[in-house]
Amino acid sequence: MAYGFILPSLALIGGVMAYPMFYSFYLSFHFRILSRPRLGTPFVGLANYLEAFRDPLFLRALWQTVYFSVVSILAECVIGLGVALLLNQRFRGRNVTRGLVLLPWMLSPVVAAFTWAWLLNDAYGLVNFLLMKLGVLHGPVLWLGDVGWAMGTIIVVDVWREVPFVAVVLLAGLQSIPDELYEAARIDGATPGQSFVAVTLPLLKPSFMVALLMRTMIAIRLFELVFIMTKGGPASTTEMLATFTYKEAFIKFNMGYSAATSVIMLLLSLGISLVYIRTMGGETALR
Amino acid sequence: MTPSSRIRSLGWRTGLYGTVGLVCLLAILPIAWSLLTSFKTQQEVFSFPPTFLPERLRIENYTEIFGASQYAAFAVNSVVVASLATVGTMVLASLAGYAFSVFRFPGNATWMLLILITRMIPGIAIVIPLYIMAQRLGLFDTRLNLIILYMTTTLPLAIWLLKASFDTIPQDLLDAARIDGCGNLRTLVRVVVPVAAPGIVTTLVITFLANWNEFLLAQIFTATTASKTLPVAVGELTQHEYGIHWGNLSAMGMAIVFPTLILAVFIQRYVVSGLMAGSMK
Amino acid sequence: MRRREFFRLGAGAVTAMGLTPAWTRAAAAQAKKVSIGVVVNTSDYKWIKLLLQQYEQKTGVKIEEFQYQSGDVIPKYTMAFEAKRPRFDVVMIWDFYMPQMVAGKYLLPLDGSADPKIKLPDEDRADYFNQSLRGVTFDGHLYGVPESLDAGMLYYRKDLFAEAGLKQPPRTWDELVEYAKKLTKGGQWGYAFIGAPGWTNTYTFFEFLHQAGGTFLDVKGAPAFNSEAGLKALQFMVDLRNKHRVVPPGINTYLNTEVQTGFLNGTFAMARHWPFLFGMAEFSEKWGAKSAVKGQTGYARLPYLVKDVAGFNNWAYCIPTTAENPQAGWDLIQFLTSKDSCLFEMLFGLDMTARQSIYRHPEVKAKMPEFVPFFDLFAGIMQTAVPFVFPEAAGVSEVMGQEIDKAMVGQITPKQALDAAAARVRDLVKR
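Which chain is which? The protein sequence lines are A, B and C, in order. The first sequence maps to residues 1 to 287 in my numbering. The second sequence maps to residues 1 to 281 in my numbering. The third sequence maps to residues 1 to 431 in my numbering.
Derived by calculation from the structure, the hints in this document are not laboratory data. Glycine is no exception: its CB is placed at the ideal position from the N, C-alpha and C atoms. Careful: at least some of the hints might be erroneous.
What the hints assert, rightly or not - A partial selection of chain B residues facing chain C, derived with a Cβ cut-off under 8 Å:
(1) Y17
(2) W33
(3) F52
(4) A109
(5) I128
(6) I132
(7) Q135
(8) E236
Unchecked claim - Reference listing, derived: stretches of chain B covered by chain A, where coverage requires no fewer than 3 residues with Cβ under 8 Å from a Cβ of chain A:
(9) 58 to 66
(10) 113 to 123
(11) 170 to 184
(12) 189 to 196
Claimed, not checked - Here are the simulated distance ranges between beta carbons:
(13) R125(C) - M132(A): 53 to 59 Å
(14) D72(C) - P194(B): 16 to 22 Å
(15) V96(A) - W12(B): 17 to 23 Å
Put together the whole structure using the sequences plus the hints.
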């Protein structure tokens, strides 16, 4: 009976994804260059995977993806918590504020990427202009073209986009904390700071976990933002696993290799998800 | 409800409203800038120092885009595809989420994990086989194709979220329904859905947004106005040989944002309470 | 029960019968249809579109257009060829990508070797620049018919030159630096070129390389760019940004857009760019654009060190091996590249056609007198231009682009960049 309810979903997902997933997995153990049909598709075992871990650009993309994910998610959690605490207060125009704050997240990633790319333009961008007017900068900064700034810029834009989501998840968590607990803490003589640490944070743990899990799954696969704003440059400082895989597949036509890096991405996502689920203490949505 | 509702001093309130203002400003500044740009001429756009306010509100950027009949077609495609895919996902995910939540059956966790795994595989890896499949089935460049693909990609998350939502329904409610003689389907529709409404709205919003803003798959699987969506149109505006026409691009961007803007203001209340129900495991 | 089944069977049969005539009708209609893949964000599309309409009116053959963007056209073509659908009869391809298309066996030879009726006539062949044909010929076979040309040229502001007391455009690299330094002040930059990683900065390097007397790949296809000449070229490119500071520091993000915008709004005193910039600068009202430099656009051959050359590339029409109706495709190509069509291209599109005879056509001389000296110069440039075409071009320029980029931002020295690039290109081509 239960299977009957699940069947339509499984049938759709399976029907669409089964062949591509298995084909991709199969291809990762073969050698195939699309523009060299004469070379055929010989079986090469783990060669593609080994090559990935010997490829300095892949390792760089791997490191940069992890770095990006950790830093931006950390920032989103901290800033998100701040915004959530703010939106938890009672003030006039709270509902409108909540709506406005949600906007960056609701924006299409593509539109967000272009909008920011324009704002950060070294010659005509608003950001440089404002910062120079305020005296913070003496000359325009190449936010997206300078080796030192590009990664940070990508992180800032992504944080801008994703903070609303994290904030809302945490806000929901905040609002489900019963008032009695705060009362009890107050009676026990706790300061607001202490009750924050003792009451709020622990009870927010499930919300944090939800936010972390969902964000990580997406952060590892980051593509559009980077591809549109920097294409992985300058000097490969913003190359991510997804852009690396795209270039291997569609520019170098190296299908076997890109299939292998895709599988590595999948395993990375899976690994991290399993770690989170373990941390959630076993009582998880998967049950 | 808040831990620090006691201090209502002026300092506190100024600080609060100040921070609120700052947060709002940061949130909407890029969008506001884009809105202003959509009314500018190329000259005004490519000027430094930047022209803040355009000389006049040129709607030419908008008429240029929307005058060309193509773009109306793109909008229709976006609406049709996003709506139908969302409805489809919600229906299937409700059924599946209910099953995962209520029934205890072997391999429960495994199936859930498998479903989530399909969401972890990067798009690039599956694009070429999917392309071949779509071509062979004659579905290339059709709205139906996009609907199927979107449903496939949004189902895993929707099932997970709905399951979490349904998990919060007290067992007694379900028992009462059973005692009243409701079959599973009846229980789902009559009892579960109304109670879990906030969670359902949240899932619906997340799913709709994902479908409305989706770019990568649309770009690859569409070729003509038969199925091209608004995000693809935006993408095309950025590859102009003569230079990116920021005015047009911003206008198009605004057109895509507008529905989401309205959605944001109206549903934020539900999103919060929906996620509240969802994170209480 | 039986009756219901029979009913259903009957309904199915009727439906099937109802559908079949549609299929056969479609099959018959296919004979009068041809499909073409076009890249719409090129300067060529505006007149190609009109030519396609002309063809439909003239012959009654319905044209099915598949539109693509230059940014992702190659992955899409490749997927289409692999999936054998859509089965375009004609595709518009940038010759830069042709080597890998030919290697993948995706294109049909057009010199009669595949199909005797699909052959470029000799008198037409003679009408194309030699260099142009070199760019579309592989293994001795012609795979594309050139449709329009692009070659690197120097543009400069006559008014700024006059102000600075410069009488003529620079002819050597040293003069380029000297003049650019004089013209770099305030918000103005002396020079600009395309420098974003990928084909853009590889193209720029490619030109400097040949101007320094070097070659890109040797006869065996192995990298030859990490030579002395290559070092001089890359050092010069890097110095323009980091030592002489005559190009904007953001130049390592510049695509076509940035260079042409900067020249048109007066930010760049000189620029290396494509022929279509002349039309944009001097006749922009045709496309409702505004050029701040109208009347002041000077043009010349690029300055050089040892060899007076520029890079060039073709856009070409090709027939895929998966074409449904190759003969119809060839017919369309012949129309699109006929003398009349090319004349139209020049008069209407202000674009450099691939046919030499059109440059001296009396109608062109009569209607576009300002363009006559421009064409003469361009024809001269074409005599010595080097085709920017080599195997695995996309992959190679991706790899090279990354190394050149690192040198441009000063992360590594030009020598390290060239050696690293040579090693990576060797691996790539060796597969």
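Okay, the hints, checked on the actual structure:
{"no.": "1", "hint": "Y17", "verdict": "39 Å, violated"}
{"no.": "2", "hint": "W33", "verdict": "19 Å, violated"}
{"no.": "3", "hint": "F52", "verdict": "18 Å, violated"}
{"no.": "4", "hint": "A109", "verdict": "37 Å, violated"}
{"no.": "5", "hint": "I128", "verdict": "6 Å, holds"}
{"no.": "6", "hint": "I132", "verdict": "4 Å, holds"}
{"no.": "7", "hint": "Q135", "verdict": "4 Å, holds"}
{"no.": "8", "hint": "E236", "verdict": "6 Å, holds"}
{"no.": "9", "hint": "58 to 66", "verdict": "violated (count 0)"}
{"no.": "10", "hint": "113 to 123", "verdict": "holds (count 10)"}
{"no.": "11", "hint": "170 to 184", "verdict": "violated (count 1)"}
{"no.": "12", "hint": "189 to 196", "verdict": "violated (count 0)"}
{"no.": "13", "hint": "R125(C) - M132(A): 53 to 59 Å", "verdict": "58 Å, holds"}
{"no.": "14", "hint": "D72(C) - P194(B): 16 to 22 Å", "verdict": "46 Å, violated"}
{"no.": "15", "hint": "V96(A) - W12(B): 17 to 23 Å", "verdict": "21 Å, holds"}
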